[in-house]
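Student: If you want the building blocks of each chain, they are given just below.
4 protein chains.
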Amino acid sequence: MKKIAVFTSGGDSPGMNACIRSVVRTGIYEGLEVYGINRGYEGMIEGDIKLMKSSSVSNIVQRGGTILKSARSMEFKTPEGRKKAYDNLVTLGIEGLVAIGGDGTFTGAKVFHEEFGIPTVGCPGTIDNDIYGTDYTIGFDTAVNTALDAIDKIRDTAAAHDRIFFVEVMGRDAGFIAIESGIGGGAEFVMVPETQTDLNAVVKSLREPKASSIIVVAEGDELGNAEVIMQLVKEKIKDDTKDFKVTTLGHIQRGGAPTARDRVLGARCGMGAVRGLLAGETGCMSGVINNELVYTPFSECIGQHKPLHPDHLSLLDILRI
Amino acid sequence: MKKIAVFTSGGDSPGMNACIRSVVRTGIYEGLEVYGINRGYEGMIEGDIKLMKSSSVSNIVQRGGTILKSARSMEFKTPEGRKKAYDNLVTLGIEGLVAIGGDGTFTGAKVFHEEFGIPTVGCPGTIDNDIYGTDYTIGFDTAVNTALDAIDKIRDTAAAHDRIFFVEVMGRDAGFIAIESGIGGGAEFVMVPETQTDLNAVVKSLREPKASSIIVVAEGDELGNAEVIMQLVKEKIKDDTKDFKVTTLGHIQRGGAPTARDRVLGARCGMGAVRGLLAGETGCMSGVINNELVYTPFSECIGQHKPLHPDHLSLLDILRI
Amino acid sequence: MKKIAVFTSGGDSPGMNACIRSVVRTGIYEGLEVYGINRGYEGMIEGDIKLMKSSSVSNIVQRGGTILKSARSMEFKTPEGRKKAYDNLVTLGIEGLVAIGGDGTFTGAKVFHEEFGIPTVGCPGTIDNDIYGTDYTIGFDTAVNTALDAIDKIRDTAAAHDRIFFVEVMGRDAGFIAIESGIGGGAEFVMVPETQTDLNAVVKSLREPKASSIIVVAEGDELGNAEVIMQLVKEKIKDDTKDFKVTTLGHIQRGGAPTARDRVLGARCGMGAVRGLLAGETGCMSGVINNELVYTPFSECIGQHKPLHPDHLSLLDILRI
Amino acid sequence: MKKIAVFTSGGDSPGMNACIRSVVRTGIYEGLEVYGINRGYEGMIEGDIKLMKSSSVSNIVQRGGTILKSARSMEFKTPEGRKKAYDNLVTLGIEGLVAIGGDGTFTGAKVFHEEFGIPTVGCPGTIDNDIYGTDYTIGFDTAVNTALDAIDKIRDTAAAHDRIFFVEVMGRDAGFIAIESGIGGGAEFVMVPETQTDLNAVVKSLREPKASSIIVVAEGDELGNAEVIMQLVKEKIKDDTKDFKVTTLGHIQRGGAPTARDRVLGARCGMGAVRGLLAGETGCMSGVINNELVYTPFSECIGQHKPLHPDHLSLLDILRI
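For the protein sequence lines, the chains are E, R, H and Y, in the order given. Read left to right, the first sequence gives residues 1 to 321 (full-length UniProt numbering). Read left to right, the second sequence gives residues 1 to 321 (full-length UniProt numbering). Read left to right, the third sequence gives residues 1 to 321 (full-length UniProt numbering). Read left to right, the fourth sequence gives residues 1 to 321 (full-length UniProt numbering).
If you are wondering where the hints come from, they were derived from the structure by calculation, not from laboratory data. Given the structure is predicted, the values throughout are model-derived calculations rather than measurements. Mixed in with the good hints, there may be bad ones.
Stated by the list, open to error - Below, computed lysine-lysine pairings styled on DSS-like, alpha-carbon distance capped at 27 Å: (1) R/110 - R/306; (2) Y/77 - H/242; (3) H/50 - R/53; (4) Y/242 - H/84; (5) E/204 - H/53; (6) H/245 - H/234.
Start from the sequences and build out the full structure, keeping to the hints where you can.
Tutor: Structure, rendered in structure tokens:
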């Protein structure tokens, strides 16, 4: 293997740049040429691919977003699109791929790998932490800390006015961001898709005379979003003196300088991906489980659901006291 | 004058604690006893008032919110409520008041002062910067920096996906937060209540092939909120390849550790308020204009509108290029 | 067991308050009375102990430092001192202890436990991460991110002037803070006590015409502190056009709002400590290994050395390219 | 005037990039070609000059440092060096200069302007705020907030251990950073070059039994640096139970994402500089006094000393209570 290419796809996450940097420099360190594909599968189809040098990834480790950009590609879902993409890789002599992204990215990579057999290793880049095969995904830690910082700010004003705040955080179908920012932020309740929300318990607790309360709602909760849940609670609680507010944190959770954890994880997964390609790993993701680099087949990464830790659920019950 | 009292009222703002600390310690420094009234006018009516010592305000200068809490008081709008409040002050021997807050706070203080003649000086505590009689209000600088930090994060993800973001910031009827965070954040457009938004110019600019764009919308803009404006733009632009997103920053703008500017301003206005009371100032606000402490009658503070600076409006036009 | 007590000892670390909060609330949740001992062993000797309620630990989860304070105690090193401490616990009917701290704290706890047999479980609170029996210590993640934030700032000015910066970080005899902040911060070299620093390699690399360089030095490095090492390098490199600077980050690494990771870890270890006491664990530390709560005897926690991960050492070599 | 050039010189400061961006875009807006000179006067001599487009300054507003880099130039202090520099400008047809920097930068610009008559306007870029002709310099607000953030962190650990911290901040011969971060950070004492430090008052205050204390020392204080002053105090106080620590914040104060204030100020001064050149202003600096753009001759900017505000000095005495 002489030439490999790296790309980012799907929603961007902080730490992707640290991962790209690591892929490029590990590749060069191992004697490879490393190409960067812009805008994910879309750029692969359009041939928007360029050779990267060590200096191409200087001074990016601290930046959010992805210097390779990301995009959704409808065309890549068609066999013709994928053929075009493959031809571009062949033309450039690219013999291996590193795909940084989440669920959708790996689904695409799996199909592409099965069709054309090009060696491919993924890196888990998503803030949602919903990828099986790694304890944490690149970007999750930053997103949790961004959410936590927002909750800290909201607590200041909630306490000043004895208000009840419903704070909606991201996470797609998973409650990881919600549960960690909720425990960290001293939230009274955290509503996550993984558990059945007991609205009566929430209402009962909020009826008690308490200074202020913060309730963290995962965007994927089975009861609906923060606005919907706030309305449900408000109707049940029937107390006009209670002051309810909703804040939806939104896309600030995707940006910002990555935390140390995300930069180191990005660097490590990137190194693992290149080493994996050289060692014959393919159709799999380079993740970190129990502090060791491991390769997990794409099919498992996509197909399996990573559960919340029971300790975290216990902590929610205990710390509310 | 031997005894004064301080309270915060209306929406809380970062730096109120620095201001309270300064009122308490300047009072003690000048030989006064200083009382803290909890929850604004509501606590004044309920007699929720306690003597404060120097140590009561230790280790609070860095905290958002207000240790004296804030509340809206319907009862204070009635003559009976205000009489009750006044009686509580008389009982404790309180001879002067420092009112920290915004528009509504000073409206109340003005009426109360006119009815009972108790010497009263205000301090401008609001994130909106919409108070005449001071160049900046306490909390404004922190709110702008919080908004700016959020815009920086959003720019990361906007750039990664070539998206157009409409970011809604606070400010009530004023565009100060919007314009300063917009210039600072490199926004393409800033929509503020003070100027007529030219939607066609926005649409024209967004039609050009550009990587990504951030449009900052003041919550009080005459065209509506960010969601409404985004829909208007979307309908006019008629381009399905453009990806629009809305983020409403919400209450995170009210909290957080205050910036240096807000802490120093809070300290200074607080010192000015106590000195003013001792020097016979009353029915006025202690603000800072052109780096000097000045007292402005409540009637002017409430009644006059502080304009945006033409330089700021020019910068928006220029920097978009 | 009806009554337990919690204290912090040794250098403070961010997340200790989250841990205290968890000990108090888990205790109450389990039907115990929980006492707080001020200033560690010193307060235990002086009887500076008070009952804590759930509200005693409200609104502290986001604060650095420790609300129970910390102190060094010479008297606790004497049998008489420890006897006095034990008598105070007996008087109050305290039947179990949770000791939050590092090496020195556990050494004291081990002796005390051996002498008087009072059930004791520790929680790993130190920024240095040098405690065996847990993957991470409470406070480490915050310290790394503080160091990283400082390195990011220094990189700005280093790049503007093409300077070479030696940045000294904490960590006592361990290089954990140095290696993670160095990888995360894109440092050219990281000097840690665990490896022999090859000064010639550093000099050779710095001789190459490069924009700017950051070298992270662990305070415990075998060659000396950052100032000493900078002088060594300067003498060897013999190039007057190179501009060397030293920054010693110092105690800012001990403070600040804890990261999500440290808050959650603190909460979890605290819960584990109380549960451990109730389950008969004693003379051991409640840590988290491979994402599970485990108890490790104090003798192992103190006696064994936790190594740096080989992946991290590899990354340093690779990413410098 | 058809072509102008912009450069940064001397110590870098956060907000310089916002200023460069504004110079470039205001120039383009006004129909000019704008060149960027790398590494200040050094690059002017070497002819390291390139045409800048609007996109050259995209996505830099949030970055610390300066994209044009900075350097000290010995050669520019010679008539030959300056002649070479001037010839390079003539060759490119550059008819006007914008010089961003501090004292040293303007001294050079003044001489150059006097010798060759090329129209030149400066922008005040330095963290020290020691430039006459502007209320604030670009970078000052960020540096103060960085120092304040560090003081907040140090207070956490100081309070946990009842320690006395001497924190040294930057500012060259001026006490602006010290006094604003000291008031904002709740410091017990602030030692600045502008006032005679009363060591006995400090010693007397520190002798009182107090939890913890923070003393901010400006690097230019007449008694010496923080380490020296700490030793002086320690010798006088003669109390072994007091625990003294020194932290020198160093170069972290020069970096980091600029605050809103510094970005807006940078943008405004940059716009003022270009407009000034077009209006015939020369040999002067574009600053902001009392919220209005004003031009002050270089000779005044360099020659006059800007005093600390008496209110700030009063606040220090009062708030220590």
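Student: Would you mind marking each hint as holding or not holding in the structure?
Tutor: Hint check results:
no.: 1; hint: R/110 - R/306; result: holds, 20 Å
no.: 2; hint: Y/77 - H/242; result: holds, 20 Å
no.: 3; hint: H/50 - R/53; result: holds, 23 Å
no.: 4; hint: Y/242 - H/84; result: holds, 24 Å
no.: 5; hint: E/204 - H/53; result: holds, 21 Å
no.: 6; hint: H/245 - H/234; result: holds, 11 Å
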